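Participant: Produce the complete structure using the sequences and hints provided.
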Amino acid sequence: MTPFGEKLRQLREARGVTQREMAAALEISAAYLSALEHGRRGAPSAGLIHQICQYFGLIWDDADELTALAKFSRPRLKLNASGLTPAQTVLANRLARELRHLDIQTVEKMQALLDAARPVTPPARPPRARTRAKAAG
Numbered sequence: 001m002t003p004f005g006e007k008l009r010q011l012r013e014a015r016g017v018t019q020r021e022m023a024a025a026l027e028i029s030a031a032y033l034s035a036l037e038h039g040r041r042g043a044p045s046a047g048l049i050h051q052i053c054q055y056f057g058l059i060w061d062d063a064d065e066l067t068a069l070a071k072f073s074r075p076r077l078k079l080n081a082s083g084l085t086p087a088q089t090v091l092a093n094r095l096a097r098e099l100r101h102l103d104i105q106t107v108e109k110m111q112a113l114l115d116a117a118r119p120v121t122p123p124a125r126p127p128r129a130r131t132r133a134k135a136a137g
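Numbering (full-length UniProt numbering), first residue to last: 1 to 137.
By construction, these hints were calculated from the structure, which means they are not laboratory data.
One or more of the hints may lead you astray.
Claimed, not checked - Using 30 Å as the maximum straight-line C-alpha spacing, the simulated DSS-like pairs for lysine-lysine come out as follows:
#1 109 <-> 71
#2 109 <-> 78
#3 7 <-> 78
#4 109 <-> 7
#5 7 <-> 71
Treat the numbers as computed from the prediction; the structure is a model and nothing was measured.
Facilitator: Put into structure tokens, the structure is as follows:
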């Protein structure tokens, strides 16, 4: 289950709404809604997220939270490793292979480590020189 799917299910169950009822109200299939909740489908479109927020009456922080959760809920990830160091490439491959087998405490420690790490920013590029074509006169 993805973070978005988990939150969606919590919202739905807290209001006593079935998947079938919610799907009908959103004009999507119950199968699609089930797949969203279980993480078998990618993150929903911005339009569907907006519909879900309206359906549950979510505004401000709650709507922002649901939108943020959708961004972190892609069940299939791709990583372009070009430009990474060899050590970063090894780490990415190990995570891809081993993440499923890590316990929750290890995952939480890794997230805390990433949260605490300062991102390495590339050096600033010098500004481009602007050239103007002179009008022939």
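Participant: Hint by hint, work out which the structure violates, then give me just those numbers in ascending order.
Facilitator: none
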